[in-house]
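Engineer: Residue-level listing of the chains:
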Amino acid sequence: MIMTAMSHSGHPGLLPAGLGDGLPPEAEHEADVVSRLMAVFRGHGYERVKPPLIEFEDNLLAGTGSGLALQTFRLMDPASQRMMGLRADMTLQVARIATTRLGRSPRPLRLAYAGQVLRVKGTDLRPERQFGQLGVELIGSLRPEADAEVVLLAAEALARVGVAHLSVDLCVPTLVPAVFQALGLDEATGLALRRALDRKDAPAVAAVGGAAAAILNRLLAAGGPAEQAVAALAAVELPHEAEPDRQRLFEVVRLVRQAAPGLTLTVDAVERRGFEFQTGVSFTLFARGTRGELGRGGRYRAAGPNGGAGEPATGCSLYTDTVLRAVPASPATRRLFLPHGTAAVVAQAMRAEGWITLAGFEPDVDPQAEARRLGCGHVLVGGRPATVNDASGRSEDQPPVGNRLANTDRA
Amino acid sequence: MPADLPPASEPLVFAVPKGRILKELRPVLRRAGIVPEPAFDDPGSRLLQFRTNFEHFSIIRVRSFDAATFVAFGAAHLGVAGNDVITEFDYAELYAPLDLGIGKCRLSVAEPIELVAHDDPARWSHVRVATKYPAITRRHFAARGVQAECIKLNGAMELAPSLGLCRRIVDLVETGSTLRANGLQEIEQIAEVSSRLIVNRTALKTRPEELQGWIARFQEAIDAP
Chain A
8 MIMTAMSHSG
18 HPGLLPAGLG
28 DGLPPEAEHE
38 ADVVSRLMAV
48 FRGHGYERVK
58 PPLIEFEDNL
68 LAGTGSGLAL
78 QTFRLMDPAS
88 QRMMGLRADM
98 TLQVARIATT
108 RLGRSPRPLR
118 LAYAGQVLRV
128 KGTDLRPERQ
138 FGQLGVELIG
148 SLRPEADAEV
158 VLLAAEALAR
168 VGVAHLSVDL
178 CVPTLVPAVF
188 QALGLDEATG
198 LALRRALDRK
208 DAPAVAAVGG
218 AAAAILNRLL
228 AAGGPAEQAV
238 AALAAVELPH
248 EAEPDRQRLF
258 EVVRLVRQAA
268 PGLTLTVDAV
278 ERRGFEFQTG
288 VSFTLFARGT
298 RGELGRGGRY
308 RAAGPNGGAG
318 EPATGCSLYT
328 DTVLRAVPAS
338 PATRRLFLPH
348 GTAAVVAQAM
358 RAEGWITLAG
368 FEPDVDPQAE
378 ARRLGCGHVL
388 VGGRPATVND
398 ASGRSEDQPP
408 VGNRLANTDR
418 A
Chain B
11 MPADLPPASE
21 PLVFAVPKGR
31 ILKELRPVLR
41 RAGIVPEPAF
51 DDPGSRLLQF
61 RTNFEHFSII
71 RVRSFDAATF
81 VAFGAAHLGV
91 AGNDVITEFD
101 YAELYAPLDL
111 GIGKCRLSVA
121 EPIELVAHDD
131 PARWSHVRVA
141 TKYPAITRRH
151 FAARGVQAEC
161 IKLNGAMELA
171 PSLGLCRRIV
181 DLVETGSTLR
191 ANGLQEIEQI
201 AEVSSRLIVN
211 RTALKTRPEE
221 LQGWIARFQE
231 AIDAP
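Protein chains in written order, with this note's numbering: chain A, 8 to 418; chain B, 11 to 235.
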């Protein structure tokens with residue numbers, strides 16, 4: 008009996024692995040950052056869509072979605088008796104909307120989205136199983152200008168919310184497979200080579216690569232700052248099958264560089280992990296000193312409702328949890344304590360001035376002490392905000408309750 | 011001559027493994043022109059992080075498995091780890107661009123000599139193995155259709171068969187003398203092992219000139235006679 012009780016109840020605050028509560032002030036900060044990013048997307052003509060949390064599994068995981076099958080929670084819909092999947096990524100939902108309900112909207116179609124996703128397993132770098140995803144999809148254009156627009160938009164949006172030292176790493180995940188195919192590599196060699204390339208392990212590439220080793224190691228060595236990489240890549244003798252990928256990459260580098268001369272731009276000619284379904288120029292977003300990827304994006308085919316080749320598309324997803332690690336801490340909030348009996352019109356006037364007001368309910372307390380206790384940096388005295396003084400008699404070692412909130416009040 | 015490095019403005023941390031490999035790494039560091047502060051070579055020192063002759067470049071000395079973890083999570087930017095450790099963790103955030111050619115040994119399966127004579131691996135459906143490398147071991151046996159139940163040990167693997175913990179082990183073998191001394195025989199080699207220079211993915215992408223400069227410097231250090 009005791010064992011059962013222990014294994015089934017536990018601490019009421021305990022959440023399943025990888026899930027967490029967002030608290031003040033971080034939850035507010037997250038919502039604010041997301042809305043500022045979405046505003047940048049909106050400014051570039053990307054219109055917001057809102058797919059559902061759950062869909063029929065066979066739609067959600069069709070085609071390119073099959074890559075997410077292992078990461079998708081499923082449940083049975085008691086109404087339709089069909090299996091449903093809880094989204095592990097929103098990109099394909101947006102692509103589905105574009106090719107079905109918005110199939111007759113003019114192209115190129117620009118859509119934006121933001122929401123939460125849930126995954127079966129976390130990773131080393133992201134143990135969270137639920138996190139926010141937001142991004143854009145640009146459907147119906149095969150032009151390099153479309154590739155460049157998405158890269159530049161992501162960079163602009165991240166800069167706008169204060170991400171410093173952003174770094175965009177461009178790749179063409181179809182380049183290496185094209186080389187493999189042109190050289191007629193067998194499956195086992197291809198697999199061993201991919202593992203070696205994923206590690207940037209040049210000695211292993213040389214050891215297992217056979218005829219492909221020389222070319223692949225030159226591609227590997229060509230990675231780095233964009234200008235240097237373009238020069239090195241241009242000098243590699245590639246099979247003609249890989250030529251369109253190389254030219255497209257060069258064109259996107261040129262367009263991005265033209266629009267954003269100061270952006271840190273690198274090229275990785277052998278990157279492919281997580282880009283298995285990408286069909287052209289793709290990219291990963293990093294910020295110096297921030298663990299993991301802020302986001303990633305690239306070219307793909309948005310499958311049509313009746314199968315077929317689908318439509319050319321590109322897009323970008325940002326991950327809210329990583330983005331938040333790369334942006335400055337939330338700005339100080341200006342919290343003002345209104346002593347008991349403050350008139351509603353006065354309170355309203357203070358909020359109109361930009362104050363966050365906290366109304367006091369107790370008539371017989373010291374407003375200064377009450378303001379301090381509730382984490383307010385200011386208190387209304389004689390109709391005007393006054394700084395809450397720190398002469399409280401408490402030592403610095405014993406912070407007042409609500410200290411963390413008080414610390415955010417640096418107004 | 012080592013390559014010129016672009017000036018660093020932010021700290022770079024280099025994680026090296028303690029013990030056997032460190033001894034072999036010292037000449038490589040010397041040829042790369044990296045001079046740690048004297049405490050680095052003082053066995054009595056309790057320091058864990060050491061300054062070097064490069065202002066922003068410090069060295070941490072950790073367990074061999076931890077060097078890979080520090081680098082994978084970006085707590086260190088560069089490091090040294092054997093491909094045994096790199097493969098065991100299989101961290102996606104870790105690049106291994108250079109084989110330093112030191113710390114050479116092999117990762118092998120071993121079992122008691124008296125078992126070898128009448129053991130037919132083709133008949134196995136399940137084996138129990140003591141090892142420091144449960145992930146590699148499971149993958150290795152799974153690839154030939156055998157489930158491996160791993161007992162994770164952190165050292166003295168060779169004791170496991172003689173004390174009846176299990177009959178087989180997967181461990182690093184350098185000369186094979188420890189195996190022989192414990193009545194064990196190497197029956198299968200899983201991988202050749204040597205130490206690699208490892209680099210954090212984000213660091214390489216966000217500080218490309220600087221990190222490539224260090225990789226080039228180590229390349230020259232191992233090319234030098």
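Keep in mind that the hints were calculated from the coordinates and are not lab data.
Each hint should be verified, as a subset may be incorrect.
With beta-carbon atoms standing in for the labels, derived distance ranges [what the hints assert, rightly or not]:
| hint | chain 1 | residue 1 | chain 2 | residue 2 | range |
| --- | --- | --- | --- | --- | --- |
| 1 | A | R43 | B | E198 | 38 to 44 Å |
| 2 | B | A226 | A | N313 | 26 to 32 Å |
| 3 | B | I197 | A | M90 | 34 to 40 Å |
| 4 | A | E250 | B | A226 | 26 to 32 Å |
| 5 | B | I232 | A | N66 | 17 to 23 Å |
| 6 | B | I197 | A | R81 | 27 to 33 Å |
| 7 | A | E248 | B | G155 | 35 to 41 Å |
| 8 | A | G217 | B | A191 | 52 to 58 Å |
| 9 | A | G217 | B | A226 | 24 to 30 Å |
| 10 | A | E152 | B | N164 | 27 to 33 Å |
| 11 | B | A226 | A | P59 | 47 to 53 Å |
| 12 | A | E250 | B | E198 | 51 to 57 Å |
| 13 | A | A242 | B | E184 | 40 to 46 Å |
One-sided excerpt, in silico: chain A residues whose CB lies under 10 Å from chain B [said to hold, decoys possible]:
| hint | residue |
| --- | --- |
| 14 | G20 |
| 15 | R89 |
| 16 | T107 |
| 17 | D205 |
| 18 | R206 |
| 19 | D208 |
| 20 | L227 |
| 21 | Q265 |
| 22 | P268 |
| 23 | G269 |
| 24 | T271 |
| 25 | R280 |
| 26 | R295 |
| 27 | G296 |
| 28 | G361 |
The structure presented is a predicted model; accordingly, all values stated were derived computationally and were not measured.
In this text, a Cβ means the ideal position worked out from N, Cα and C, and glycines have one as well.
Engineer: Given R206 (chain A) as an interface hint, is its Cβ closer than 10 Å to any Cβ of chain B?
Structural biologist: holds, 5 Å
Engineer: R89 (chain A) was flagged as interface toward chain B. Is the shortest Cβ-Cβ separation under 10 Å?
Structural biologist: violated, 34 Å
Engineer: Against chain B, is R280 (chain A) within 10 Å by beta-carbon distance?
Structural biologist: holds, 6 Å
Engineer: Is the hinted range of 38 to 44 Å satisfied by the C-beta distance from R43 (chain A) to E198 (chain B)?
Structural biologist: violated, 58 Å
Engineer: T271 (chain A) was flagged as interface toward chain B. Is the shortest Cβ-Cβ separation under 10 Å?
Structural biologist: holds, 7 Å
Engineer: Kindly confirm whether 51 to 57 Å is satisfied by the beta carbon distance between E250 (chain A) and E198 (chain B).
Structural biologist: violated, 45 Å
Engineer: Do the beta carbons of E248 (chain A) and G155 (chain B) sit within 35 to 41 Å of each other?
Structural biologist: Because 37 Å falls inside the window, the suggested range holds.
Engineer: Given the range 26 to 32 Å, decide if the beta-carbon distance of A226 (chain B) to N313 (chain A) lies inside it.
Structural biologist: Given a distance of about 53 Å, which is not inside 26 to 32 Å, the answer is violated.
Engineer: A226 (chain B) and P59 (chain A), beta-carbon distance inside 47 to 53 Å?
Structural biologist: Holds - the Cβ-Cβ distance for A226 (chain B) and P59 (chain A), about 51 Å, lies within 47 to 53 Å.
Engineer: Looking only at beta-carbon atoms, does the pair E152 (chain A), N164 (chain B) fall within the given range of 27 to 33 Å?
Structural biologist: Violated - the Cβ-Cβ distance for E152 (chain A) and N164 (chain B), about 56 Å, lies outside 27 to 33 Å.
Engineer: Holds or violated: is the Cβ of G361 (chain A) closer than 10 Å to a Cβ in chain B?
Structural biologist: violated, 36 Å
Engineer: Given the hint of 34 to 40 Å, is the C-beta distance from I197 (chain B) to M90 (chain A) inside that range or not?
Structural biologist: violated, 46 Å
Against the hints set out earlier in the document, violations occur for numbers 1, 2, 3, 5, 6, 8, 10, 12, 14, 15, 16, 21, 22, 23, 28.
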